[in-house]
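**Q** As you go down the protein sequences, you meet chains A and B in turn. The opening residue of the first sequence carries number 1 in the UniProt record's numbering; numbering runs sequentially from there. The opening residue of the second sequence carries number 1 in the UniProt record's numbering; numbering runs sequentially from there.
Treat the hints loosely; a few may be bogus.
What the hints assert, rightly or not - The calculated lysine-lysine pairs, modelled on DSS-like cross-linking and capped at a C-alpha distance of 30 Å, are: (1) LYS270(B) <-> LYS431(A); (2) LYS431(A) <-> LYS315(A); (3) LYS315(A) <-> LYS270(B); (4) LYS315(A) <-> LYS250(A); (5) LYS270(B) <-> LYS353(B); (6) LYS358(B) <-> LYS270(B).
No lab work stands behind these hints: they were computed from the structure.
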Amino acid sequence: MTDLLEQDISAAPPSPAPAATSKSRHRSEAFARRLRARHAAERRFRLAGAAAVALAALVLVLLLGSIVARGGSAFWETRIRLEVTLDPAEVADRNYTVLLRRALHAQFPQVTDRAGRRVLNELLSSGAPYELEAMVAGDASIIGTTRTVWVRADDEIDQLVKGRYRRDLPESERGLSDAKIAAADTLMAGGALAQGFNTTLFTAGDSREPEQAGIGGAIVGSLLTLLVTMALSVPVGVSAAVYLEEFAPKNRWTDLIEVNINNLAAVPSIIFGLLGLAVFLGFFGMPRSAPLVGGLVMALMTLPVIIIASRVALKSVPPSVREAALGIGASPLQTVLHHVLPLAMPGILTGTIIGMARALGETAPLLMIGMVAFIVDVPHGLTDSATVLPVQIYMWADSPERAFTERTSAAILILLGVLILLNGAAVVLRKLFERRW
Amino acid sequence: MQLTLLALILALLTVIGFLAGRSRAAASVGGRVAELHSVPSYHGVYVALWAGLPALLLFVAWTASEGWLVLQLVLSGLPERLTAGDGQSAVLLKADILNLARGIATGREPDPAVAEAARRYASFRDLADWSLLAIGASLAVAGLAWGRHRIGPDLRARPAVERVVRVALVVCSLVAILTTVGIVLSLLFEALRFFAVVSPLDFLFGTHWSPQMAMRADQVGSSGSFGAIPLFAGTLLITVVAMLVAVPVGLMAAIYMSEYAGRGMRTWLKPALEILAGIPTVVYGFFAALTMAPFVRSVGEALGLDVSSESALAAGIVMGVMIIPFVSSLSDDVINAVPQSLRDGSYGLGATKSETIKQVVLPAALPGIVAAVMLAISRAIGETMIVTMASGLTANLTANPLQAVTTVTTQIATLLVGDQEFDSPKTLSAFGLGLVLFLVTLCLNMVALRVVRTYREKYD
Numbered sequence: 001m002t003d004l005l006e007q008d009i010s011a012a013p014p015s016p017a018p019a020a021t022s023k024s025r026h027r028s029e030a031f032a033r034r035l036r037a038r039h040a041a042e043r044r045f046r047l048a049g050a051a052a053v054a055l056a057a058l059v060l061v062l063l064l065g066s067i068v069a070r071g072g073s074a075f076w077e078t079r080i081r082l083e084v085t086l087d088p089a090e091v092a093d094r095n096y097t098v099l100l101r102r103a104l105h106a107q108f109p110q111v112t113d114r115a116g117r118r119v120l121n122e123l124l125s126s127g128a129p130y131e132l133e134a135m136v137a138g139d140a141s142i143i144g145t146t147r148t149v150w151v152r153a154d155d156e157i158d159q160l161v162k163g164r165y166r167r168d169l170p171e172s173e174r175g176l177s178d179a180k181i182a183a184a185d186t187l188m189a190g191g192a193l194a195q196g197f198n199t200t201l202f203t204a205g206d207s208r209e210p211e212q213a214g215i216g217g218a219i220v221g222s223l224l225t226l227l228v229t230m231a232l233s234v235p236v237g238v239s240a241a242v243y244l245e246e247f248a249p250k251n252r253w254t255d256l257i258e259v260n261i262n263n264l265a266a267v268p269s270i271i272f273g274l275l276g277l278a279v280f281l282g283f284f285g286m287p288r289s290a291p292l293v294g295g296l297v298m299a300l301m302t303l304p305v306i307i308i309a310s311r312v313a314l315k316s317v318p319p320s321v322r323e324a325a326l327g328i329g330a331s332p333l334q335t336v337l338h339h340v341l342p343l344a345m346p347g348i349l350t351g352t353i354i355g356m357a358r359a360l361g362e363t364a365p366l367l368m369i370g371m372v373a374f375i376v377d378v379p380h381g382l383t384d385s386a387t388v389l390p391v392q393i394y395m396w397a398d399s400p401e402r403a404f405t406e407r408t409s410a411a412i413l414i415l416l417g418v419l420i421l422l423n424g425a426a427v428v429l430r431k432l433f434e435r436r437w
Numbered sequence: 001m002q003l004t005l006l007a008l009i010l011a012l013l014t015v016i017g018f019l020a021g022r023s024r025a026a027a028s029v030g031g032r033v034a035e036l037h038s039v040p041s042y043h044g045v046y047v048a049l050w051a052g053l054p055a056l057l058l059f060v061a062w063t064a065s066e067g068w069l070v071l072q073l074v075l076s077g078l079p080e081r082l083t084a085g086d087g088q089s090a091v092l093l094k095a096d097i098l099n100l101a102r103g104i105a106t107g108r109e110p111d112p113a114v115a116e117a118a119r120r121y122a123s124f125r126d127l128a129d130w131s132l133l134a135i136g137a138s139l140a141v142a143g144l145a146w147g148r149h150r151i152g153p154d155l156r157a158r159p160a161v162e163r164v165v166r167v168a169l170v171v172c173s174l175v176a177i178l179t180t181v182g183i184v185l186s187l188l189f190e191a192l193r194f195f196a197v198v199s200p201l202d203f204l205f206g207t208h209w210s211p212q213m214a215m216r217a218d219q220v221g222s223s224g225s226f227g228a229i230p231l232f233a234g235t236l237l238i239t240v241v242a243m244l245v246a247v248p249v250g251l252m253a254a255i256y257m258s259e260y261a262g263r264g265m266r267t268w269l270k271p272a273l274e275i276l277a278g279i280p281t282v283v284y285g286f287f288a289a290l291t292m293a294p295f296v297r298s299v300g301e302a303l304g305l306d307v308s309s310e311s312a313l314a315a316g317i318v319m320g321v322m323i324i325p326f327v328s329s330l331s332d333d334v335i336n337a338v339p340q341s342l343r344d345g346s347y348g349l350g351a352t353k354s355e356t357i358k359q360v361v362l363p364a365a366l367p368g369i370v371a372a373v374m375l376a377i378s379r380a381i382g383e384t385m386i387v388t389m390a391s392g393l394t395a396n397l398t399a400n401p402l403q404a405v406t407t408v409t410t411q412i413a414t415l416l417v418g419d420q421e422f423d424s425p426k427t428l429s430a431f432g433l434g435l436v437l438f439l440v441t442l443c444l445n446m447v448a449l450r451v452v453r454t455y456r457e458k459y460d
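Throw the hints in and build the complete structure from the sequences for me.
**A** Structure representation (structure tokens):
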């Protein structure tokens, strides 16, 4: 064979030097042009790919940027300083509104007419008297004294201080009267307006007044809902995955289950809402707007995600582990519980976290089961009426007040923060426990 | 209250059963554990199962049927004049009794017979809960005693326990089928009630959608109009816009990531793109309504076009952005599955990288990419929040993406949010729409999954 090859090579006539002949097609003008065109096409194609990635990144930056720009300021709230004389008679009658107004009017001695005073009254949040009441309830010894208190300002003043009203517009287009702006400017000049960290946003429930609205109730509602989701979907999902991966015979039934799970993973979420409405509310008569029902619906929705992820994790455990366990006399169940499942746990955990993150951000199915109700209280139990964070965002997004736009964005920032934490945890877990067998 | 108490009792008895079973097993062989058939823990679990399982099954069956049974009992005791009415009034009657029994004010003076029924309902429920507590607790104690009695050196505890666990595993995996059956049945039942009022042909081929029903029969426009064509058209329009954004960008991004980007860059790019997939849809809706819609509108005005403030274009673009990572990661997988030898062959013939991709890799990956696009379409059709927040609720039959349209999912959401009467065609029409939505996405998913599966087998 080698002989033959060598013979062939030696027998071949010496090839002519390519550079010498101008007739070679590799040197023709047309070839050079074609090659240039092909290389240009190559560059264009590559550029198009890079542009696609850049476009996606750009949108992401734009989205996050616009939300930060809108919502960052919601973490601060504007307060007004007042010298309140806690007149015992008024305190006994719980006329805290009168006390506050008296203190406010004292700062504007030149305003005496009713219309002017009404403008001043509107500077204060309608929740301010309750703040004062809470203060008095906390320390009864201050009754009868004069105290410097900082109370919450109305949302319009808050937005003005944050520069969200355009002062150069005429009064009719601005949406805020000149008189209020003048009053606020006077307060500001006297140092009686200041911004502080907005704790209300985190502790309060929903409210019609933006400056008193918070996501405290929604956070608790989200937590309760997620708790139910996790308590149901994780044990059921992992058990189903264990059965299908470790014990199930290969027959038509297990095939059916498999096809079912894959299909469920791609069913539109709103369909799960319809299921919850018809079955849990309509058939079983469970309470509307309850985290219990929300959690049930979400559990059914995240179940396929958890099953699929758990099966992948179980599949990646090498068969030798199972064979060794079986070889020393463990039963099939012991093999799975003592050896396979612990090794597959990181993968299962990652899938679970991703499923939970998805459930945390879901809105549409919860609208179906009535979690859109306006709920001021923080829920205390699984059957209390509650709302969740994404639904709260949806409801605030509909509100016309400027300050609600800001609060919506802030709630989105908090939700995204939690989601990024969850997804980050999943990535870290995957990296930490990544194992090659 | 009683149910929580029962749950606590059951939990306690289960733990006691485990400890008792384990110690009795060890005691029965005088501490020489090797003489037992199964290890002592299995004996413990055996007793715990006897203590907890029968009572738990009773508990589940009872709580699922108790409310219904008691209600039937109370209803049968009501005078003829109240129960004689048609389906509508029966539903109302039940709701009244339940509300009164829970102490929720219905806003009007209840009929004395209804108030009496509500009282009876409440007391029956109370009685039933207490008897469940008594029966459940005694069942658990009896089970515990029986299980403990059976413990001995020869008891084959492990196979018995494992059989139970195995049954539990099978039941868990049946939940997926149950969910599907639940979806199909609930959609079908309610949709059939809807189609009893509105003809399916009118629903599927009618061109006018206005589901508002009148309160009185003699009111103007007293019968709603349920022609769903404008909704299908609106869904199609927004889906097309979304796909025009998502498919080219997603596909090019996938090609870039799998063919051009280096390893280091890839490990950063892929998760970064997947952040887009992890953002909740309500956030996209907010972005579409507050940033994209005004932007599209001002661009349109600068071009001299008449753009609605809630246009299908804005919603579609944002939906497309949401779907980009979906398309890109699925296509990325199939492109990576194309064997390197095909590329090497192409390079060997002198093709450039882009020529190889266009003429070898993409044709080889085409079935997978088609499947990815189909899954993406099904996701776009099923997406609710973006359109609900950014494209209005008016049912327009138009092909102009600059106008506001509405989609199937949006209508389902708006029809069912808030207070609704359960028997009106308006409410039921949502289930008709849901059925169509489910069937369409089901078909898309089935075909896509099948394509993916057959394609995968090619190179394995």
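**Q** Would the pair LYS270(B) and LYS431(A) pass a check requiring their Cα atoms to be no farther apart than 30 Å?
**A** holds (15 Å)
**Q** Does the structure keep LYS315(A) and LYS270(B) at a Cα separation of 30 Å or less?
**A** Answer holds: LYS315(A) to LYS270(B) is near 24 Å, not above 30 Å.
**Q** Are the Cα positions of LYS315(A) and LYS250(A) separated by 30 Å at most?
**A** Holds. LYS315(A) to LYS250(A) sits at ~15 Å (cutoff 30 Å).
**Q** Can the restraint linking LYS270(B) and LYS353(B) be considered satisfied, given a maximum Cα separation of 30 Å?
**A** holds (21 Å)
**Q** Does the structure keep LYS358(B) and LYS270(B) at a Cα separation of 30 Å or less?
**A** Distance ~22 Å between LYS358(B) and LYS270(B) Cα, so the pair holds.
**Q** Please work out if LYS431(A) and LYS315(A) have their alpha carbons no farther apart than 30 Å.
**A** Measuring from Cα to Cα gives roughly 18 Å; hence the hint holds.
Of the numbered hints listed earlier, not one is contradicted by the structure.
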